[in-house]
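Asker: Just so you know, the protein sequences line up as chains Z and L, in that order. According to this note's numbering, numbering within the first sequence proceeds without interruption in unit steps and concludes at 430. According to this note's numbering, numbering within the second sequence proceeds without interruption in unit steps and concludes at 430.
Please note that the accuracy of each hint is not assured.
Copies of one chain are not kept apart here, so a pair can be met inside one copy or by any two copies together.
Below, simulated DSS-like cross-link-like pairs (lysine-lysine); rule was C-alpha separation at most 27 Å, straight line [unchecked claim]:
hint, residue 1, residue 2
1, LYS101, LYS240
2, LYS358, LYS238
3, LYS240, LYS29
4, LYS297, LYS238
5, LYS232, LYS159
6, LYS240, LYS297
7, LYS101, LYS423
8, LYS423, LYS238
9, LYS240, LYS159
10, LYS422, LYS238
11, LYS29, LYS238
12, LYS423, LYS99
13, LYS224, LYS423
14, LYS224, LYS29
15, LYS358, LYS232
16, LYS29, LYS232
17, LYS358, LYS99
18, LYS99, LYS159
19, LYS29, LYS101
Hints in this document: simulated from the structure, not taken from any laboratory.
Number of protein chains: 2
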Amino acid sequence: MSAEFEMGQLMVILTVLFILAFSASAVFKRFGIPGLIGEILIGVLVAAQIGDWSVMEFLGIVRPVPGDPDSGNFYWNAIEILAQLGVVFLLFTVGLETKVKELTSVGRTALLVAVLGVILPFIAGYAVIMMWDGNLYHAMFMGAAMVATSVGITAQVIKDLNLMSASESRIIIGAAVIDDVLGLIVLTMVAGMARTGSIEIINVTGIIVISSLFVILLIVFCAKGVPRIAEKITAAIKRKEAEGRERKLKGILFPIALIVCLVLSSFAAQIGLAMIVGAFLAGMIFAEHAEEHGLIKKTNAITIFLLPFFFVYVGLHIDTESFTSELLLLAAVVIVLAMITKYVGCGAGTILGDRERKSSAHIVGIGMIPRGEVGIIVATLGVAITVNGSAAMSADLFAVVVMMSVVTTIIAPFMFSRVFRKKYGKGPAA
Amino acid sequence: MSAEFEMGQLMVILTVLFILAFSASAVFKRFGIPGLIGEILIGVLVAAQIGDWSVMEFLGIVRPVPGDPDSGNFYWNAIEILAQLGVVFLLFTVGLETKVKELTSVGRTALLVAVLGVILPFIAGYAVIMMWDGNLYHAMFMGAAMVATSVGITAQVIKDLNLMSASESRIIIGAAVIDDVLGLIVLTMVAGMARTGSIEIINVTGIIVISSLFVILLIVFCAKGVPRIAEKITAAIKRKEAEGRERKLKGILFPIALIVCLVLSSFAAQIGLAMIVGAFLAGMIFAEHAEEHGLIKKTNAITIFLLPFFFVYVGLHIDTESFTSELLLLAAVVIVLAMITKYVGCGAGTILGDRERKSSAHIVGIGMIPRGEVGIIVATLGVAITVNGSAAMSADLFAVVVMMSVVTTIIAPFMFSRVFRKKYGKGPAA
Numbered sequence: 001m002s003a004e005f006e007m008g009q010l011m012v013i014l015t016v017l018f019i020l021a022f023s024a025s026a027v028f029k030r031f032g033i034p035g036l037i038g039e040i041l042i043g044v045l046v047a048a049q050i051g052d053w054s055v056m057e058f059l060g061i062v063r064p065v066p067g068d069p070d071s072g073n074f075y076w077n078a079i080e081i082l083a084q085l086g087v088v089f090l091l092f093t094v095g096l097e098t099k100v101k102e103l104t105s106v107g108r109t110a111l112l113v114a115v116l117g118v119i120l121p122f123i124a125g126y127a128v129i130m131m132w133d134g135n136l137y138h139a140m141f142m143g144a145a146m147v148a149t150s151v152g153i154t155a156q157v158i159k160d161l162n163l164m165s166a167s168e169s170r171i172i173i174g175a176a177v178i179d180d181v182l183g184l185i186v187l188t189m190v191a192g193m194a195r196t197g198s199i200e201i202i203n204v205t206g207i208i209v210i211s212s213l214f215v216i217l218l219i220v221f222c223a224k225g226v227p228r229i230a231e232k233i234t235a236a237i238k239r240k241e242a243e244g245r246e247r248k249l250k251g252i253l254f255p256i257a258l259i260v261c262l263v264l265s266s267f268a269a270q271i272g273l274a275m276i277v278g279a280f281l282a283g284m285i286f287a288e289h290a291e292e293h294g295l296i297k298k299t300n301a302i303t304i305f306l307l308p309f310f311f312v313y314v315g316l317h318i319d320t321e322s323f324t325s326e327l328l329l330l331a332a333v334v335i336v337l338a339m340i341t342k343y344v345g346c347g348a349g350t351i352l353g354d355r356e357r358k359s360s361a362h363i364v365g366i367g368m369i370p371r372g373e374v375g376i377i378v379a380t381l382g383v384a385i386t387v388n389g390s391a392a393m394s395a396d397l398f399a400v401v402v403m404m405s406v407v408t409t410i411i412a413p414f415m416f417s418r419v420f421r422k423k424y425g426k427g428p429a430a
Numbered sequence: 001m002s003a004e005f006e007m008g009q010l011m012v013i014l015t016v017l018f019i020l021a022f023s024a025s026a027v028f029k030r031f032g033i034p035g036l037i038g039e040i041l042i043g044v045l046v047a048a049q050i051g052d053w054s055v056m057e058f059l060g061i062v063r064p065v066p067g068d069p070d071s072g073n074f075y076w077n078a079i080e081i082l083a084q085l086g087v088v089f090l091l092f093t094v095g096l097e098t099k100v101k102e103l104t105s106v107g108r109t110a111l112l113v114a115v116l117g118v119i120l121p122f123i124a125g126y127a128v129i130m131m132w133d134g135n136l137y138h139a140m141f142m143g144a145a146m147v148a149t150s151v152g153i154t155a156q157v158i159k160d161l162n163l164m165s166a167s168e169s170r171i172i173i174g175a176a177v178i179d180d181v182l183g184l185i186v187l188t189m190v191a192g193m194a195r196t197g198s199i200e201i202i203n204v205t206g207i208i209v210i211s212s213l214f215v216i217l218l219i220v221f222c223a224k225g226v227p228r229i230a231e232k233i234t235a236a237i238k239r240k241e242a243e244g245r246e247r248k249l250k251g252i253l254f255p256i257a258l259i260v261c262l263v264l265s266s267f268a269a270q271i272g273l274a275m276i277v278g279a280f281l282a283g284m285i286f287a288e289h290a291e292e293h294g295l296i297k298k299t300n301a302i303t304i305f306l307l308p309f310f311f312v313y314v315g316l317h318i319d320t321e322s323f324t325s326e327l328l329l330l331a332a333v334v335i336v337l338a339m340i341t342k343y344v345g346c347g348a349g350t351i352l353g354d355r356e357r358k359s360s361a362h363i364v365g366i367g368m369i370p371r372g373e374v375g376i377i378v379a380t381l382g383v384a385i386t387v388n389g390s391a392a393m394s395a396d397l398f399a400v401v402v403m404m405s406v407v408t409t410i411i412a413p414f415m416f417s418r419v420f421r422k423k424y425g426k427g428p429a430a
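Chain Z with its partners taken away, still in its complex shape (with noise of 0.2 Å):
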């Protein structure tokens, strides 16, 4: 019975977080803060030490040590695996409720935002860890760290304040998704360096021709492929309704669009991307029709139960046992060049691309700031390659990216909701 003991215990943790997580955001809205903010500190509060105590331990969860991912244990790894799933399906009904049209209106725009937003970043991460420690190493993947953007947050705040169709929304989608390529060849460039000393030209211009051509293909897919398959399957309908045998049909378009999110997600976990992206172009393929066939309110409740632990999970990983004072003082100014450089990039991108946009450069530059659990990704890996015999990335620097990406994520969506309602002053409280 351990295994059917195993999963008793995994319910009472996955209750406990539900309950926790439902009721802290439901607090934070009633007092017009983004819910989800009250979902990571949930999970940070967790996690913290009191005394040799935490409720994560008291819980039987055990966190992965930096660089060794398999000292986690079951519960770990279970509230990873849904809280994953939650954000693919969040992603997954963005891409449901943005027409492809919407996305590439403004996909000049978006590139610009994109590309400005991960070079200031680097440069900043790669500057102030020469000056703290002087290890190339360790520069380069702090740089890359701080590249990433979690676009699950700011997809969510912009959910909540219903303002899917607003450009700036757009921008930021675009923006995050391109951001993605652009961070995965930053993290492959940098990865190999630190593993052979040099940049292996033919591995990078691979992942550049793979990842592109995944994103462009798909979004020409969406603009040019469905459309046309769309007629012919209405046209089966039509055929089928005059048949009264309508239902039927109807009814695997659910199924048949999950297989189609994970097919997506899979692939682009496998050539390096985030799950993310794929489950967005996913949702792109069906967005002209998802409302008519109610795929959103259907992906909506399997987010609904999944997505708080994932939130719940970014916060879970903060382990504050690890801060010394002096770290504490790298931290912030990381997190404050974080933020800057993000917001300045991204909002000079934003008027670059369309003067008339002015704006919305401020919106545009907040809602990229989040990093999200990709920061950390990063990070992770930089632990696990060594480099003249110690680690590319110290536990020190990794807990410095933890506390950054974490921060951001909490910071960003108020400043967010905020700045957003002020422009558009509607929506319910997010």
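Assemble chain L onto chain Z, guided by the hints.
Answerer: Below, chain L without anything else, positioned relative to chain Z:
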């Protein structure tokens, strides 16, 4: 990136299993066979050894060795988590569609069905193994494993056939809940005897009191408490509607329903019952108003994603390598006895409960046959307990129980959908 890598690999596994399950289910439905049979067979196929190779190994899934649950790997555990959540949400949906009056009106019959459906299979299992190897503990655990009914399987067929409101459906669901309580009592006695050599009266009495109280109190709460609470909430919603703020209140009903489902499932597992008993009772709390608030549709969406993993997971347990021809013979005898004794016991219970239900006896008897994962869990416990230096359940007999569980689970829905459709002659192909 190992954690990310693992997640990427897991996504590939989930994608492959989901696609295979969906395709098999679609093909089987086309021929009028319940789709879940196709899904279980996919599990059997994926686990099947072809020489030294199997799809399961190729995907990197490692099944735990009987008696050592920790020997399975991360991917096996991940599938188990999604599988168990899937069947929890299935039974939650079944609860949402079961009004408490419909259940209590068949209470007497359900009780008799459950009692006779427990006694006959236990005696048969006990007798066969006493004749086979004469080991008392082997015999008791085989009896206990044959007692279990997995209502998840039958419930899915009932839902596919759209016959939730048929009296036979209510008898089966009610009997399955009582069956689980009785099965727990039998298992407690058997495990206690194996561990200490005697039945601990206090222990057994405690189990009887706690598990019966849990079920009875919840059913009374559904009948008496819920209508009053619902009245108050409806009044509150009406007040809010006058203020134009009703959407907010309605939006939280679904997460609250999820919380109740998680809490009662966890609690059921903690007191030793199956989680699905808690999930079913949780659903029943919301049954009166589930339709109007869209709870069924939302829970269904989650089930569509998670449930295929449950049926595949059941099939994955079959280990073809462990079968000798002698063992296959024993398995055949056990399977036939498992089916006949459940059928006769539950059929007789139906007729004893209500003499006018003779035509229902056939349907109820078949509906109670599938053992699903519950029999496997019982056998796992037996393998983990040591008596006089050897396991209370041998590895050979474990293989027989798995075979019995999977085969009854595959055959019964096929027969069940035939007899059910023969009587009611309607509903879509299952």
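Asker: Please go over all the hints and tell whether each is borne out by the structure.
Answerer: Results for each hint:
no., hint, result
1, LYS101 to LYS240, "neither (30 Å within a copy, 39 Å between copies)"
2, LYS358 to LYS238, "neither (47 Å within a copy, 44 Å between copies)"
3, LYS240 to LYS29, "between (45 Å within a copy, 18 Å between copies)"
4, LYS297 to LYS238, "both (23 Å within a copy, 24 Å between copies)"
5, LYS232 to LYS159, "neither (31 Å within a copy, 31 Å between copies)"
6, LYS240 to LYS297, "both (24 Å within a copy, 23 Å between copies)"
7, LYS101 to LYS423, "within (23 Å within a copy, 53 Å between copies)"
8, LYS423 to LYS238, "neither (43 Å within a copy, 33 Å between copies)"
9, LYS240 to LYS159, "between (35 Å within a copy, 23 Å between copies)"
10, LYS422 to LYS238, "neither (45 Å within a copy, 31 Å between copies)"
11, LYS29 to LYS238, "between (44 Å within a copy, 22 Å between copies)"
12, LYS423 to LYS99, "within (23 Å within a copy, 48 Å between copies)"
13, LYS224 to LYS423, "neither (34 Å within a copy, 50 Å between copies)"
14, LYS224 to LYS29, "neither (41 Å within a copy, 34 Å between copies)"
15, LYS358 to LYS232, "neither (43 Å within a copy, 51 Å between copies)"
16, LYS29 to LYS232, "between (44 Å within a copy, 24 Å between copies)"
17, LYS358 to LYS99, "within (24 Å within a copy, 58 Å between copies)"
18, LYS99 to LYS159, "within (15 Å within a copy, 35 Å between copies)"
19, LYS29 to LYS101, "neither (33 Å within a copy, 38 Å between copies)"
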